[in-house]
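Given the structure of chain A, go ahead and fit chain B onto it with the hints provided.
Keeping their order, the protein sequence lines are chains A and B.
Position 114 of the first sequence, counting from 1, maps to 114 under the numbering used here, and the rest follow consecutively.
When you read off a place in the second sequence, starting at 1, and then add 1000, the result is the number in the numbering used here.
The set of hints was computed from the structure by calculation and includes no laboratory data.
From the three backbone atoms N, C-alpha and C, an ideal C-beta is built for every residue, glycine too.
Do not rely on the hints blindly, as some may be mistaken.
Said to hold, decoys possible - Derived coverage of chain B by chain A (criterion: at least 3 residues anywhere in the stretch with Cβ under 8 Å from a Cβ of chain A; other residues may be distant):
1. 1027-1036
2. 1064-1073
3. 1076-1090
As the list claims (entries may be wrong) - Here are the simulated SDA-like cross-link-like pairs (lysine to any residue), alpha carbons at most 25 Å apart as the crow flies:
4. A/Lys99 with B/Arg1027
5. A/Lys99 with A/Pro23
6. A/Lys99 with B/Val1031
7. B/Lys1100 with A/Val32
8. B/Lys1100 with A/Lys99
9. A/Lys99 with A/Ile89
10. A/Lys99 with B/Leu1028
11. B/Lys1100 with A/Gly31
12. B/Lys1100 with A/Arg28
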Amino acid sequence: MSPAAQSHLSTQHSALSTQGMWPWVLQRFSGVLILGLLGLHFWVTHFGTAGPVTFENVVERVRLPLWFHFDVALLAVIIYHALNGTRTIILDFGLTPWKTRVMDCCLVVLGLAMLVFGSWGLLPFRG
Amino acid sequence: MNGIIQNLFQDVVKNKKIGMWAWLLQRLTGVLLALYLFAHLTVISYSQRGAGPFDRLSLSIQTPGWYALDIALIVGIVFHGLNGIRIIAVEFGAMARAQKAWLFGMGAIGLVIVIFGVLGIVQKMMGHVS
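Next comes chain B alone, as it looks inside the complex:
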């Protein structure tokens, strides 16, 4: 088993192919997002304890420290989603010659979305928007 992992990682570490970084990060973000899902479902399940406990938990995670994690969440989702679209496009044979262009193009779009998300969160923190 170790040989297989080693060889799969070879393309990332030794040969340094950017496409394999995308492959690695797609899986990494996927696993992390799945873990987030567990946490999210647990938080929501606090509703069963009543409005009081739910509100206490909910308000305690709408603080700057947790917002930083929310930003990380947005980055993870945006990367995973846009990379996913890129993968689908590549599998359909589209942009065979322009794969790297797609990678960076998606990166640019992703950056824009993340910036919007971050600005939204910062606005909320500053109390300008509810």
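Excised from the complex, chain A in its bound form:
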């Protein structure tokens, strides 16, 4: 960060120190995990079935418990990574501790809602 930015953020040394250790670690860990899992997801959805994407050929894959749970797990990891990333960006704008707590609660609620919404969307494909 440039010295000019540093001086204006006198109590905030970097994105690292504001967000806390676990979010920092898990962001990177989930990121690497996503590279692998998302690649697999992409491969299996695009090249695992023949023909254009239709309800039927999605059922072919998701009816297997392995793939249903894989998709839900992938979604959970991605949601964490996305919302944690959003949190880091917002924290850079500078928040009071109370506002940070409120934001964290909102993000948790949003994350759970997205996970439920995504899983709900997968259910009809279980065949």
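What follows is chain B alone, placed relative to chain A:
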């Protein structure tokens, strides 16, 4: 608040440091990909309306116009992912002297992946591959 944003962007705009471009683009692609996630989950949720509505929506987005956006999506994902690896490597202190080499090296790898992705999509469009 505006002072902080201004100063963070200073490194990108005024000082023109390429590393800060990477920082900016990492966040930008991240936000855009998060928005894509909302759209993707919404499309998938059409399954709840039945096979008919789902198929209609699904087939309507497998057209050339939407494929162009798919290519943009691939570019976004590849950039965000490889830049992320670069960030992790830099934070571990690796390649301290070769940061720019990493940046361009990752760029080269990214370009290769994107080309593969684009070729795959173009093939699909041409109907050569299912």
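Tested hints:
1. Coverage of the stretch 1027-1036 of chain B by chain A holds. Counting CB-CB distances below 8 Å, 5 residues qualify, and the rule asks for three or more.
2. Only when three residues or more bring their CB closer than 8 Å to a CB of chain A does the claim for the stretch 1064-1073 of chain B stand; here the count is 0, and the claim is violated.
3. For the stretch 1076-1090 of chain B, the assignment as covered by chain A holds, since 6 residues bring a beta-carbon within under 8 Å of that chain's beta-carbons and 3 suffice.
4. For the proposed pair A/Lys99 and B/Arg1027, the alpha carbon gap of about 22 Å is at most 25 Å, so the pair holds.
5. Simply put, A/Lys99 and A/Pro23 have alpha-carbon atoms about 17 Å apart, close enough for the 25 Å limit, and the pair holds.
6. Between the alpha carbons of A/Lys99 and B/Val1031 the distance comes to roughly 21 Å, so the proposed pair stays at or under 25 Å and holds.
7. The suggested pairing of B/Lys1100 with A/Val32 holds, with an alpha-carbon distance near 21 Å, which does not exceed 25 Å.
8. For the hint pairing B/Lys1100 with A/Lys99, the CA-to-CA distance comes to about 38 Å; that exceeds 25 Å, so the pair is violated.
9. Among the hinted pairs, A/Lys99 with A/Ile89 is consistent with the structure: their alpha-carbon atoms are about 14 Å apart, no more than 25 Å.
10. A hinted pair counts as satisfied when its Cα atoms are at most 25 Å apart, and A/Lys99 with B/Leu1028 qualifies at roughly 23 Å.
11. Using a Cα cut-off of 25 Å, the hinted pair B/Lys1100 and A/Gly31 holds, with the two alpha carbons roughly 22 Å apart.
12. A hinted pair counts as satisfied when its Cα atoms are at most 25 Å apart, and B/Lys1100 with A/Arg28 qualifies at roughly 21 Å.
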